[in-house]
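Chain F is already provided as a structure; the job is to place chains Z and U on it using the hints.
This is what each chain is made of:
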Amino acid sequence: MTALPTSTAKKLGLVIDLDICVGCHACVINCKEWNTSNYGAPLSDQDAYGENPTGTFLNRIHTYEVKQPQKPAQTVHFPKSCLHCEDAPCVTVCPTGASYKREEDGIVLVNESDCIGCGLCAWACPYGARELDVKEGVMKKCTLCVDRIYNENLPEIDREPACVRTCPANARHFGDFADPESDVSRMSAERGGMRLMAEQGTKPVNRYLPPRPKADIQTDSDINILAPFLEPVSETPKGLLGWLDKALEAI
Amino acid sequence: MNHHQPDLDTSPEVSDEIRKTTCYMCACRCGIDVHLKDGKVKYIEGNRDHPINKGVLCAKGSAGIMQHYSPARLQAPMKRVGERGEGKFETISWDEAFDIAVKSLAPIREKAPHKLAFFTGRDQSQSLTSFWAQQFGTPNYAAHGGFCSVNMAAAGIYTMGGAFWEFGVPDWDRTKMFMIFGVAEDHDSNPIKMGLSKLKERGAKIVGVNPVRSGYNAIADEWVGVTPGTDGLFVLAMIHVLLKAGKVDLEYLMRYTNAPMLVNMDESSDEHGLLLRDVHGQFMVQDRVTGAPAAFDQKGVKPVFTGEITYQGTKYTPVFQLMTEKYLSDEYTPEAVAERCGITAETIRRLAAELAHVAFEQEITIDQPWTDWKGEKHQTMTGRPVSFHAMRGISAHSNGFQTCRAIHLLQILLGSVEVPGGMRFKPPYPKPVGIHPTPHSYATPGGPLNGPHLGFPTGPEDLALNASGTPIRIDKAFTWENPLSAHGMMHMVISNAHAGDPYKIDTLFMYMANMAWNSSMNSRGVMDMLTDKDEDGNYVIPNIIYSDAYSSEMVAFADLVLPDTTYLERHDCISLLDRPISEADAICDSIRWPVVEPDRDVRGFQSALIQLGSKLGLPGFVNEDGSEKYKDYADYIVNHERRPGVGPLAGFRNKDGSGKGRGEPNPAQIDKYIENGGFWQDHIPEEALFYKPWNMAYQNWAVERGIFDKPSPYLFSIYVEPIQKFRLAAQGKGELQPPDHLREQLIEAMDPLPVWWAPYEEQSVDCEEYPLHALTQRPAAMYHSWGSQNAWLRQIHGTNPLYVSGEVWVKHSFEEGDWAYVTSHHGKIKVPVVRMDALNPHTVWTWNAIGKRKGAWALDENAPEATKGFLLNHLIHELLPPKGDGLRWSNSDPITGQAAWYDLRVKIEKAPTGDGVSQPETSVQTSPVGQGPKDIAYGEEF
Amino acid sequence: MHPAASVIIFTALSGLGFGLLTFLGLGQPTVTGWSAFAFFFIAFALAVGGLIASTFHLGNPQRAMKAFSQWRTSWLSREGVIAVAALLVMGLYAALLIFADIRIIPLGWLGSALCIAAVFCTSMIYAQLKTVPRWNMPTTPVLFLLYALSGGALLAAQLHIAFFLLIALTLIQVLSWMRGDVSFAVAGHTIETATGLGHLGKVRLLESPHSGENYLTREMVHVIGRKHAVKLRIIAAVCFGLIPIVVLAGFELNHYSVVLIILLHIFGLFISRWLFFAQAEHVVGLYYDKR
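From first to last, the protein sequence lines stand for chains F, Z and U.
Numbering-wise, our numbering puts 206 at position 206 of the first sequence, and it's gapless, one number per residue.
Numbering-wise, our numbering puts 641 at position 641 of the second sequence, and it's gapless, one number per residue.
Numbering-wise, our numbering puts 179 at position 179 of the third sequence, and it's gapless, one number per residue.
Okay, chain F solo, but in the shape it has when bound:
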């Protein structure tokens, strides 16, 4: 049934820290690697060694340039995967009931054996989080590694999404947003975690932490605060050397 659950016990999701993401694509590939041989059909690649290679990925990193007039431009790396929305339009449009949101943890999944591959859910998603696998003809999306996070065959420490476990910059965090005390909730509260395209009314669970303000976007007026540190001890080399000599004597 593609009706959304009235509420979910947990709201599992990711915090993605745009301040630290260096855009290395580690999460992209590790996600592909894990998910191509676990939950559901493989993530296939077409024309893999050919002219137009293209394949299914559940997570992709965009790179943006952000610029204000007269200021240096800023580069922001932007990973994007399913945001596991509370009001997930991709679920309710599904004609077969293949798409669903789990009552216990809010994860949005596709039951591939029910999926007819109509693509409507992908159309309904504002974020581009769903990709139809060309080979299997079923819709693929981030499962939040539902086959890892509860997996008793994995050591407890590894029961987190592959992208989170692999991220070298620690830019991705996994947790329960329903718990205001969880790390992800606190991080999001402290750093002004953003919901993407809030105007779509999808209530995404995943939050993005905005880049912290850059020093070079500010001005060199900071120099005034630190100016005392650069007060020349003397205007002449000779005077300086004399000062040094005294300073050394004191050691």
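Hints were generated in silico from the structure; no laboratory data involved.
Model, not experiment: these values are computed from the prediction.
Some hints here could point you the wrong way.
[Unchecked claim] Below are the DSSO-like pairs computed for lysine-lysine, each with C-alpha atoms no more than 27 angstroms apart in a straight line:
id: 1; chain 1: F; residue 1: Lys67; chain 2: U; residue 2: Lys290
id: 2; chain 1: Z; residue 1: Lys374; chain 2: F; residue 2: Lys246
id: 3; chain 1: Z; residue 1: Lys828; chain 2: Z; residue 2: Lys533
id: 4; chain 1: Z; residue 1: Lys54; chain 2: Z; residue 2: Lys198
id: 5; chain 1: Z; residue 1: Lys830; chain 2: Z; residue 2: Lys854
id: 6; chain 1: F; residue 1: Lys214; chain 2: Z; residue 2: Lys198
id: 7; chain 1: U; residue 1: Lys290; chain 2: F; residue 2: Lys71
id: 8; chain 1: Z; residue 1: Lys811; chain 2: U; residue 2: Lys202
id: 9; chain 1: Z; residue 1: Lys854; chain 2: Z; residue 2: Lys934
id: 10; chain 1: F; residue 1: Lys71; chain 2: Z; residue 2: Lys200
id: 11; chain 1: Z; residue 1: Lys830; chain 2: U; residue 2: Lys290
id: 12; chain 1: Z; residue 1: Lys733; chain 2: Z; residue 2: Lys710
id: 13; chain 1: F; residue 1: Lys246; chain 2: Z; residue 2: Lys315
id: 14; chain 1: Z; residue 1: Lys631; chain 2: Z; residue 2: Lys533
id: 15; chain 1: Z; residue 1: Lys299; chain 2: F; residue 2: Lys246
id: 16; chain 1: Z; residue 1: Lys326; chain 2: F; residue 2: Lys238
id: 17; chain 1: Z; residue 1: Lys615; chain 2: Z; residue 2: Lys79
id: 18; chain 1: Z; residue 1: Lys910; chain 2: F; residue 2: Lys67
id: 19; chain 1: Z; residue 1: Lys79; chain 2: Z; residue 2: Lys111
id: 20; chain 1: Z; residue 1: Lys315; chain 2: F; residue 2: Lys238
For chains Z and U alone, coordinates are given in the frame of chain F:
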């Protein structure tokens, strides 16, 4: 309307078995857990216990499956049947391959061992390959450091016994201000990312100095978009400001550096510019109390930093005074350098002020007593929490060595090397120049070389020159053209061998170095040299043996191809004798082992090399009775001893596995490593964690671990005396004299104090005509040319546009989808362009090594890498533009010979889109392994 | 959005078929025997053909039956259920009419109502999508219904009604194009809201996640051919609306000219439907800095 959801197995079985080995998707050498299912690799993740990556893994590492099962893997030994470059081969047996190799190499060894040039690329087994070459007896051996990192490595070692890059690491847990110069996504990519994340967590400031704001620079708190090749000026200007304000750590300089040493100021003296020593050879300083020179380490001596002293009729001035006079000159004021560097004077001052503020106002102290090498006890460890890291962006310029020196110098002046919060060494570093070997190049036909090829010259007497003054080495390393070429000059080998300058060779033997493509400057030219024939119709370079795991561009140019394994099928050791993986807190090494067996007729190159060595009867590879000494690389790793008790692997030595660093070979050593997760580490004692060069606890520990044979404390060299010796020679002093045409260059370049000059290409071309700097950067998700055969990674970077600044974009009225001609003094290419505003306005750049030759890497001939991808290499020449003197001036740093890739100057103009194919187009190479499958769905089988 | 042939054929033909069936159910024209057979054959061929075409783009058409299950929440499911119901009811109605010459008027009305509902459901598949502002407008269902009814009226030779329906259709279509052109801006979606980076400045894409295409860019970031949109709109409106209106208003008609008008109308409908997809901009395009 109840919610209904299917039952789900949330605990599926992950794999049958996990095997822990070392990644080789780049040079980072992270620990990986390889999950196997039904004998196939199912999943690769980071090893949580591993000292390098602590569980994380990058895109390359995670794409290892696709590399391991790449369709471009070579299947068996091959012998060329077509013309060179065509890619036509016949499969042969290993026996035949060895026969061919022995027939070619054995006579060379007997008659003229220098006719073999053996150079290796991105391998991590230089301790073996150099040993092999030494036993063969050819002087012509090096790895790829000459076009990679030698400026950094040599500058670091000559200055302070280790460099930022590979030998050092910022104290990520304590540093409060971190400046990262010229670092693209590269090794140590995971440790750097992890470190930056720690800094962010603690709110430390990160300053990225790079013409391009990508990767690490994108997340830096401040981006300094420096103009390429001017970092040295920028740093020296900060030094100017700091010196002027007295913001240097005088106590640190006094205790740990040669700042107070006395420099001979008598221009007529044969020792002009050299340091004053006593009769025991000990450096002397002027004692503050007596006013007289005294050995610097004499008890109670407090040195003077300034002034002048006459001793035995000669005038001497302390290093510190010389340095101060030099950098206080007006040419280093922020205002003087601002325009050239593309950084405002205010920014230079502010950054210097911030450095001073953090270094001197936010000092950190650890309650940890320690004892220095003079026996003096210290109650605490004090740190200045400023640290730097620098890499190829600094290194790959013709002024790179001195620029690297300048950055190391700044770090030293702030007193922040080997202190809490500063830059720290990773054992076996610190290691001063004196502990390293000097270069050896004396060959006797039929016998081994007289010592290791590579090393650190301490004066002209260490150069690799014949009595007649001609270069001994084919690459002209360790000659007056580039005296301190400590890593050799692989980029000159083919060019010199083709030109017969200094001589012709017989066999070129290379491993894992794509010299016919992205690993060479002037790729087109190199392809021509490799295929060029003399008037008799013979190839100018007669024999080429090449080993690679994949069908690279270089394979097509080989006469004999030795197929290597993938990294999951091989034995390897990441050895302390080579490029170690240690951390600042621990000594570490690691192994690779065949976590899956090869399904092809391939052998690990190192095993093949060892087998070839024994077939050639090389000492060290055969027993006294001439029988094979080592079966394969694994056997060598365990049983080879470089010095008694010291071998390739430091861990689990002795029969019982108790030996750390030292101990007799342990037949079960590799099993022990496997048991331990593929690596070994041994933590440095608490009291030895900092001040390593001067800390007795560290020195003693290092001796116990086999790093040194005796404690080797030393002082940092603000003033590098060996460099001055070359300058002195250029000034006419001493018996060994440079050729006249090099004197001027040597006098300028061989400055014992860091100095800056405009990059050579800039000096020799018309900068009005070529107004732009052109760079390449390595993307985070690709390593050299390897990535394009990887079905997953090539989807990320299947093409590489040329990024141009907003200024250039507007000036040339570029629009989305446009193409441009990019022209240098050497060549012209046609490439797609993309706008990037977060870029130094005078710079264009692209991703490195995406462009491919048609037919290579088992890709379709129309693969985007071959049609839209391109190499900047076509624009870069291995030589500088002719100066009219008939000489071949290499496009390299004049001190180390490092290839000056980043000196490239270009002009750009709009090009018609035409067929939308990048130029130059190269011919198609036949793929000896066919083309990869159309569609794949990896994981179906599980 | 990618103007896939399957969805264009599906929406256009099924609309026409259900439009014709609507009129047949209402007894306009009142037909019997072979003539009834001919009309119903055309109607069913169009409706069923359209529905079959809709399965061409499915990844797993063999599971299509599952699509009838989610009628409570999914417009696509509702469309399937109601279309089948409409076809069954109209099938029964037609069979009785053709073979037994029995016309059960309420059954016809029920069938007509279901046909209209089916077209409405089809339209709602698109109109419900907030992600495509050009579709997410009240004019979308109105348009779909008007296309179905005016085409149906032409096919049913109800030329008088067709005349007025075509006028309404043309007006609403023009209005819809005009509103559609600003719908994206009105909805307020920008690359800045998509990325949340607007507070830092003007955002633009520097590097796409992958250098090649992917499912999203193929399916939802279709920008090819839009530059001809104005020309195509004029051609479409002239064909599906203006010429038929003028001809219906002022010319003596025979069978041939009616067939010609119908073909012209259908031609215009296809162009308009191509534009409906090709001009639709999905918000995901913002992440690719393309719309």
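Margin query: Hint by hint, where does the structure go against what was stated? Just the numbers, ascending.
Written below: Per hint list: 12, 14 violated.
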